[in-house]
Amino acid sequence: MRIENKNIIEVENLTKKFGDFTAVNAISFTVKKGEIFGFLGANGAGKTTAMRMLIGLSIPTSGTGKVANFDIYKEAEKIKKNIGYMSQKFSLYNDLTIRENIRFYGGIYGLSKSEIKQKTEKILVDLDLKSVANKLVDSLPLGWKQRLSFAVSMIHDPEIVFLDEPTGGVDPYVRRQFWETIYDAANQGRTIFVTTHYMDEVEYCDRVSIMVDGKIEALDTPKNLKKQFQATNMNDVFLKLAR
Amino acid sequence: MEAIIVENISKNYKDIQALKEVSFQVKEGEIFGLIGPDGAGKSTLFRILTTLLLPDSGKGFVAGHPIVEEFKSIRKKVGYMPGKFSLYQDLSVEENLSFFATIFGTTIEENYDLIKDIYEQIEPFKKRLAGKLSGGMKQKLALCCALIHKPEVLFLDEPTTGVDVVSRQEFWEMLAVLKQKGISILVSTPYMEEAILCDRIALILNGEILNIDTPNQMIQNFDKTIYAIKCNRLYDLIHYLRTQDYTESCLPFGENLHLVTKEKVEIEKLKKEIITQGFEQVEIEKITPTIEDVFLHLGQEKKEDAN
Amino acid sequence: MKWKVFWAFVKKEFYHITRDKRTLLILFGMPIAQVLIFGFVISTDFKNASIDFLNHANDETSFELIEQIQSSENFKIGRILYADHELEKGFKDGTSKLVMVIPEDFSKDFYNRNPIEIQILTDGSDPNNAVTLTQYITSIVGSFQQQKLKIPENPQQINIETKLLYNPKSISAYNFIPGTIALILMIISAMLTSLTIAREKETGTIEILLVSPLSPLLIILGKVAPYALLSFIDAILILVLGFFVFEVPVRGSLILLLFCCLIYVITSLTIGTLISAVSKTQQDAMMRSLMGLMMPSMILSGFIFPLTSMPFILQVLGHIIPTTYFIEILKGIMLRGVGLEIVWFPLFVLFLMILFFLFFTWKNFKTRLQ
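Residue numbers (numbering that gives the first Met the number 0), protein chains in the order written: chain A, 0 to 242; chain B, 0 to 306; chain C, 0 to 369.
Bound conformation, chain A alone (with noise of 0.2 Å):
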C-alpha cells in the first residue's frame, strides 16, 4: 500500500478568530503520509483560511498543528519548503515559456543549476512537453496548463502538495487526466491534500474531511461515509451534512 502508517499532517484544536467570528472553530484530524485527502466545505464554511494555517500563510488563534514534522507557529518558513501548493487561479506566468517558467520556480526553491537542468528534463518528458519548451504557457490549452502548473508545484520534491479547487472549469476527460496524475504523485508517496467542488471526484480520494460552519462535521472514507448517512453518492452526503 502507497499510505504508510505514519502522520505527516496533525491538527489538534485548531481554532481562527477573525475579532467575534471564528472561521475555524477547534478542528482536529491527521493526515498519514502517502494519502490523498479531500478537504470539503461549502463556500464560507472556513476550508480557505484552515488551509492557509496549515501553509503557513495564517497563524492559528488557538490550537497546535504539525505539517511535515514542522509547528505552524514556529516553522511556518521551514513549511514552506517541504510543501508545494497549487490553486485554481494557477501560479505560471502566461508571458514566460515553459522552460522559463520551470527555471524560475527551481529558483525561488534554492535549487541549482544542475538540479534544475535535471528537473527540467523530467518534466518535460513526463508531460511530453519537450516540443513546445519555449513556447510561452499562454499558447497551452488549459488542460496542459494545469497539469505543468501541478509538477513545477512539485519542482522542489515536497512531501505533500496543497491543491485548491486545481480543476475547476475543465473538460471532464482532461479532470480525468488530471487526477491520474494526481495518483501518479501519490503512488510516489507523496501526499496530496485536495479541496474541490466536484463531488464525484471527491471519490478519488482515501480520505475526506467535510467542514460545516468552520467545523469538521464528518471525516472518513467516501466508502463509510456514505453508508454512515445512507446516501448513493457524495453528493448527497454533503447536502444532508450541510443543509
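Hints are computed from structural coordinates only; laboratory data are not their basis.
All residues carry an ideal CB built from backbone N, CA and C; glycine is no exception.
Among the hints, a few may not be true.
Said to hold, decoys possible - Looking from chain B toward chain A, a few residues come up when the C-beta cut is under 7 Å (computed):
no.: 1; residue: Pro36
no.: 2; residue: Ser133
no.: 3; residue: Gly134
no.: 4; residue: Asp163
no.: 5; residue: Val165
no.: 6; residue: Cys249
no.: 7; residue: Pro251
no.: 8; residue: Gly253
no.: 9; residue: Glu254
no.: 10; residue: Glu291
no.: 11; residue: Leu295
no.: 12; residue: Gly298
Stated by the list, open to error - Across the chosen pairs, the derived CB separations fall in these ranges:
no.: 13; chain 1: A; residue 1: Lys80; chain 2: C; residue 2: Ile235; range: 54 to 62 Å
no.: 14; chain 1: A; residue 1: Ser138; chain 2: B; residue 2: Leu53; range: 20 to 28 Å
no.: 15; chain 1: B; residue 1: Lys115; chain 2: C; residue 2: Leu261; range: 42 to 50 Å
no.: 16; chain 1: B; residue 1: Gly63; chain 2: A; residue 2: Val124; range: 55 to 63 Å
no.: 17; chain 1: C; residue 1: Gly203; chain 2: B; residue 2: Ile266; range: 47 to 55 Å
no.: 18; chain 1: C; residue 1: Ile235; chain 2: B; residue 2: Ile107; range: 31 to 39 Å
no.: 19; chain 1: C; residue 1: Asp19; chain 2: B; residue 2: Tyr111; range: 27 to 35 Å
no.: 20; chain 1: C; residue 1: Pro215; chain 2: A; residue 2: Ser138; range: 45 to 53 Å
no.: 21; chain 1: B; residue 1: Glu109; chain 2: C; residue 2: Ile235; range: 37 to 45 Å
no.: 22; chain 1: C; residue 1: Gly203; chain 2: A; residue 2: Val124; range: 55 to 63 Å
Based on the hints, put chains B and C in the right spot on chain A.
Okay, now just chains B and C, sitting in the frame of chain A:
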C-alpha cells in the same frame, strides 16, 4: 413560438474558432442547459444572444426578434447574468437591486412577486455590501437583479460555478420555480451532474455542439455498454485494462472505473481475469451511463475524427 | 423616466466615490496637498529679506532711497558693496536675496528728471521669492518717486532692470498656480472618469448595462456628471486656496474664470470618456491617461518649460493640448485681468476640442462588446 432560435452561428477571435455552426432551439417555458467545460464557447454564445457580440455568420432570434437587427427590442425582454459575479461590490444588496430596477425602467415593488421567494433569503442582509456576501448569496442577488424587470427570456452564464453544492441545489430549485412562471431559461454549466435538472441539453466542446436532447433520451440513445468496476488498486487496474484488446476506453469515475468495451464481455469472465492479475475486492456491475459518460464518449469521438 | 435613470446613475456613482478612499483622496487630498506643497516651496514670509547695495552714486537721494527700502518691513540692509566682483557674494553664502545697483549721479538725474536705470539682481534659484521681492522693490521705488517729486502718479522715470541670476528663464509662482489648476482638473476629470468606466468593464457590470435598454449617451452622461460637478468644486477649492495661501489674485472677471473652468472640465471629461472607450482595464486606462495626458500636459503646455523656447515640433504638439490653452486663459484672467476680448480664441479652441472628442467618443463607444 420558440424563445430562442440559433441557426448556424459561427464566431472567430483572430485565428481561434470559438463557435462552429452552432444551431439549437429553446422552447418557451423551457430550461435549456448548455453543458461544457471552460473554453467550449458557452460565454461567447451567451454574448451573441444577448446582443453584446455580433456573430460572424448565422442567424439568431430571441423572443421573436433577430439578434442583429432588433437588438434594442431584445434588450428590453431579456435578463442576463454574466459569467463572473457582475454586480457592484461596493454597493449594498438593496442599492444594487434598486439601481438595476431603475435602469430597466421599473421598481422593486412593481415586480416584487417574481423575486419574492429569492429576495426573502437575502433580505436580512440588504444593508450589507455585495462584495461582503458569501458566494451563494451573491448568486441569489445576481439572479434577483437579472429578474427585476420581468424578462421573457433569462440567460444564466455558469451561475453555479465555484458555488458549493448546497447553494447549487437551491439555485436549481429556484430555476424550477421561475420556469413555472413561464420564463424561458438558457443556462450553462460545467457540472455534468446538473444536466439532469434541465428539460433539454446541448453538450458543447471546442465550439461545437456534440448532441442535443433531453437528458434521459440522451442516456437511452447511448449505445455502448458500460461496466463499473471496483477493486483495491483502482489506479493500477486502469493501466492494466487500457492495455487489453477488448477495451475501448477506461476512465476513473470516483471510487469506480468505467470500462467501455468494443464488444460485449461476460462479467464473470472479466472478474476472473482481473482477480488472476492479483487485484482484490473486485466488483463489476453493468450500469446505465451518466451524461458525463456520454460527454466523454462523444468528445473522444470528435477528437478522433479531427485526427 | 430618462431623468430617473440619470439620477440613479448619479447616485450610484456618488456611492462608488464616497466608499472608495483612494478616489476620495485623489479628489480632495491631491489638490489640497499640491497647493499646500507650493505653499511651503514658495515662502510667503517676506519680512526682513536681506538686500545688498552697490551704490555707485553715494549721494543724498540714493541714501534716502535705501532708507525707504529699509523702513518697509519687507527688507533689511545686508551689506554695502563697493565693487562689481562682490555682487554675488551674498547669494553664494545664502545671506542675501537681492542686490540693488544704484547708478552714478543718482541725485542729479533724479531731480532733473532724467531716465535712470536701477539694476536689481535676484537669486534665480529661488525664483518665486525673487519675483515677489522684485515687485515689492518696484512698488517702493515708485512711491519714493511720488513722495520726493510730489506728483500724483508713478512717473516711470526710474527703470528697474531685473536680472535673474542662476535661472534666466524665470519660473514663477504665478506660473505655477494656473498650471496646477489646469493639471489637477485634467487628472480628476480625465483620469478618474476613464478609470470609472474601465472598472465597469473589468468587473463585467458593463455587460449588464449594455444589455439594458439604456442609450449609450445616458450611460456616459450618468457616469460623467458627478465627476464634472466634483471637478468644478475642486477648481473653486484651488482658486480659494491659491488666493489665501499665495495671494494669487483674480484680476479679471470671476464669472468668466469659472465659466472657462467649466469648459475646460468638460473638455477633460470628453477626453476621459474617449480613453475609457478604448481601454479594457483600469490599468490600461491609467497608462493611457498618464502617458497620453499627464506627461504632455505637464511638459508641453508651458506649465514647467516655456513653450517659446522649445523646438518647433514640440511647440506644435504643445498647441494640440487643451491644457496649453487653459493655462493661457487662466494667466490672462487671473494675472493680467483681461476679458473675453482676449481669451475668446483659446476658449474657442477648447470648444472645438470638445466637439472633436465627443465625436470620437461617440464613434468609439460601442453598444456591443469589442
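Against the structure, the hints come out as follows:
1. For proline 36 (chain B), the interface hint holds, the least distance from its beta-carbon to any beta-carbon of chain A being 3 Å, beneath 7 Å.
2. About 4 Å separates the beta-carbon of serine 133 (chain B) from the nearest beta-carbon of chain A, less than 7 Å, and the hint is met.
3. Interface hint at glycine 134 (chain B): satisfied, since its Cβ lies 4 Å from the closest Cβ of chain A, which is below the 7 Å cut-off.
4. Annotation: interface hint on aspartate 163 (chain B) holds; nearest CB of chain A at approximately 4 Å, less than 7 Å.
5. Among the interface hints, the one on valine 165 (chain B) holds; its C-beta lies about 5 Å from the nearest C-beta in chain A, closer than the 7 Å criterion.
6. A cut of 7 Å between beta carbons decides the hint on cysteine 249 (chain B): the least distance to chain A is about 10 Å, and the hint is violated.
7. Hint on proline 251 (chain B) holds. Least Cβ distance to chain A is approximately 6 Å, under the 7 Å limit.
8. Taken as an interface hint, glycine 253 (chain B) checks out: its beta carbon lies about 3 Å from the nearest beta carbon of chain A, inside 7 Å.
9. For glutamate 254 (chain B), the interface hint holds, since its Cβ comes within 7 Å of a Cβ in chain A; the closest pair sits about 4 Å apart.
10. At a threshold of 7 Å, the smallest CB-CB gap from glutamate 291 (chain B) to chain A is about 5 Å, leaving the interface hint in force.
11. The interface hint given for leucine 295 (chain B) holds, since its Cβ lies 6 Å from the closest Cβ of chain A, which is under the 7 Å cut-off.
12. Because the closest C-beta pair between glycine 298 (chain B) and chain A is about 6 Å apart, less than 7 Å, the hint holds.
13. For the pair lysine 80 (chain A) and isoleucine 235 (chain C), the supplied restraint of 54 to 62 Å holds, since their beta-carbon distance comes to about 59 Å.
14. The hint said 20 to 28 Å for the Cβ distance between serine 138 (chain A) and leucine 53 (chain B), and at roughly 27 Å that hint holds.
15. For lysine 115 (chain B) and leucine 261 (chain C), the hinted distance range of 42 to 50 Å is satisfied, since their beta carbons lie about 47 Å from each other.
16. About 57 Å separates the C-beta atoms of glycine 63 (chain B) and valine 124 (chain A), a value consistent with the hinted range of 55 to 63 Å.
17. Distance hint for glycine 203 (chain C) and isoleucine 266 (chain B): a CB-CB separation of about 51 Å, consistent with the stated range 47 to 55 Å.
18. Between isoleucine 235 (chain C) and isoleucine 107 (chain B) the Cβ separation comes to about 38 Å, which falls inside the hinted range of 31 to 39 Å.
19. Between aspartate 19 (chain C) and tyrosine 111 (chain B) the beta carbons are some 31 Å apart, a value that agrees with the proposed interval 27 to 35 Å.
20. Range check, proline 215 (chain C) to serine 138 (chain A): about 36 Å between beta-carbon atoms, so the 45 to 53 Å window is missed.
21. For the pair glutamate 109 (chain B) and isoleucine 235 (chain C), the beta carbons lie near 41 Å from each other, so the given range of 37 to 45 Å is met.
22. Between glycine 203 (chain C) and valine 124 (chain A) the CB atoms are about 41 Å apart, so this pair departs from the stated range of 55 to 63 Å.
The earlier numbered hints that this structure contradicts are 6, 20, 22.
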